[in-house]
Amino acid sequence: MALLRWRDPFERTALSELNRLQEEMNMLFDRFFGRRSLLTETGVFPAVNVAEDDDNLYITAELPGIDPQDIDLTVEEESVVIKGERKLEEEGEEVSYHRREREGGSFSRTITLPTRVVAEKASAEAKDGVLTLKLPKAEEAKPKKIEIKLG
Amino acid sequence: MDSKKLQAKDKKELQTKSETTQTRPVFVPAVDIYENNDALVLLADMPGVSNQGVEIHLEDNELTIRGRVQEDPSDRTPIYTEYRSGDYYRSFTLSSVIDQERIEASMRNGVLKVILPKAEAAKPRRIEVKAG
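Residue numbers (my numbering), protein chains in the order written: chain A, 14 to 164; chain B, 14 to 145.
Okay, chain B solo, but in the shape it has when bound:
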């Protein structure tokens, strides 16, 4: 078993130039992005966001992910608060050309997984060097 102990970290709040209309905080989710031959895969931690709360947008190589959490309607009185909940937002500029038609996204246990298949033209090709 991996014996590495997890550390609690403060959620990183989004620094924006423009003001938001809501008073709710917006956080920058921690992400993993990796690439294989066929696709670019993005994983983002967005606890509290359901399937319906995710919005993914790709325009001019700029990928934006947004996650909205359900506001807690309960009348519970907080006693001790170590973390705050809020929405998530992050955007990336993609270097490869993505086949927009085949983008797949899913949410599981608060983790967003986006599979961005590479467009045919962007797939790596092996170029044979001919002996002259």
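Excised from the complex, chain A in its bound form:
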């Protein structure tokens, strides 16, 4: 289940850059006028952000109230699966609720990665309810510096 729409990093032509820019502008407008959400239509929990630097991919997800022990991560060369369950505290029968907006339940999400990664070297950290996955890029996916020889 590929939920991430990704672009081939080798296809960053001027045209695709232009398309990307246009898409981003559209999104900005839509968001401003409240037409479209940042989320994919499927709304699969959890919402994730994907970022990169030269050596790594980073996936972050907000998982408030979820014990790190209840999160199950599977990393493959080109995908990551985040699974788990959010358990809400049971308060017994003696209480009366004024507001109940938080929700519990199970979740499972597969994220297709934009580049190949070295699954064995992946690491994860949970802090203040935010999960961060660090995925070292595979050697062939790293940007290369090309030396220009003087003629």
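Everything labelled a hint here was simulated from the structure, so no lab data went into it.
All of these numbers come straight from a predicted model, not from anything done at the bench.
Ideal placement from N, C-alpha and C gives every residue a C-beta, glycine not left out.
Fair warning: there could be bad hints in the mix.
[Said to hold, decoys possible] Taking lysine-lysine and the BS3-like style, the derived pairs with C-alpha atoms no more than 25 Å apart in a straight line are: (1) Lys100/A / Lys25/B; (2) Lys22/B / Lys96/A; (3) Lys18/B / Lys140/A; (4) Lys17/B / Lys96/A; (5) Lys140/A / Lys22/B; (6) Lys126/B / Lys140/A; (7) Lys140/A / Lys25/B; (8) Lys22/B / Lys100/A; (9) Lys157/A / Lys147/A; (10) Lys147/A / Lys96/A; (11) Lys18/B / Lys100/A; (12) Lys17/B / Lys100/A.
[Stated by the list, open to error] Away from chain A, derived, C-beta distances all over 12 Å, residues of chain B: (13) Thr36; (14) Arg37; (15) Glu72; (16) Asn74; (17) Tyr102; (18) Val110; (19) Asp112; (20) Gln113; (21) Glu114; (22) Glu141; (23) Lys143; (24) Ala144; (25) Gly145.
Got chain A sorted already, so can you dock chain B onto it with the hints?
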């Protein structure tokens, strides 16, 4: 096991009349508030907020919670963004009288828990009806 599937929801952004000085977004955290005989308990989802980032204020029955997230200093390039991070703010008007001295708050896994003990006068009392 509870088989209910969680849905991802957009974070609700705070609508203010006054402008903030920061460009960072401010969100309204989802909360649970319940009451038992002794206290009012509030739980708020504020992922990214640490112990030090929480501020709780109670004045004239108005409870305000504020959570500040640490700005991410990294130079990572975003590829795909589904959620934004920002601070949290929400305020409530409390109906019961709270014993301000005994308010307790804690943060765990991005969830704030505030226990607001009721003042003695506000605790429910059973009133005996005497037969005339």
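Review point. Does the structure keep Lys100/A and Lys25/B at a Cα separation of 25 Å or less?
Key: holds, 22 Å
Check your understanding: In terms of Cβ atoms, is chain A entirely out of 12 Å range of Glu114/B?
Key -> The assertion about Glu114/B holds, with a minimum of 23 Å to chain A.
Exercise for review: Could you let me know if the closest chain A CB is still more than 12 Å away from the CB of Glu72/B?
Suggested key: holds, 20 Å
Practice item. Beyond 12 Å from every chain A Cβ: check whether that's true for Asp112/B. Key: holds, 18 Å
Point to revise | Check on Tyr102/B being off the interface with chain A, judged by Cβ distance over 12 Å | key: Check passes; 15 Å lies beyond 12 Å.
**Study point:** Least C-beta distance from Val110/B to chain A larger than 12 Å
**Key:** About 15 Å separates Val110/B from the closest Cβ of chain A, which puts it past 12 Å; holds.
Point to revise | Separation of Ala144/B from chain A, once the least beta-carbon distance is taken, above 12 Å | key: holds, 30 Å
Exercise for review: Over 12 Å to the closest beta carbon of chain A is the bar; see if Glu141/B clears it.
Suggested key: Nearest chain A Cβ is 22 Å from Glu141/B, so the label holds.
**Study point:** Gly145/B and chain A, when compared Cβ to Cβ, separated by more than 12 Å
**Key:** holds, 33 Å
**Study point:** Status of Lys143/B, Cβ more than 12 Å from any chain A Cβ
**Key:** Per Cβ check, Lys143/B is outside 12 Å of chain A; nearest 28 Å; holds.
Point to revise | Given hint Lys140/A paired with Lys126/B - CA-CA distance at most 25 Å | key: Holds, at about 17 Å.
Check your understanding: Is Lys18/B within 25 Å of Lys100/A, Cα to Cα?
Key -> Within the cut-off at roughly 12 Å; holds.
Comparing the model with each earlier hint shows no violations; every hint is respected.
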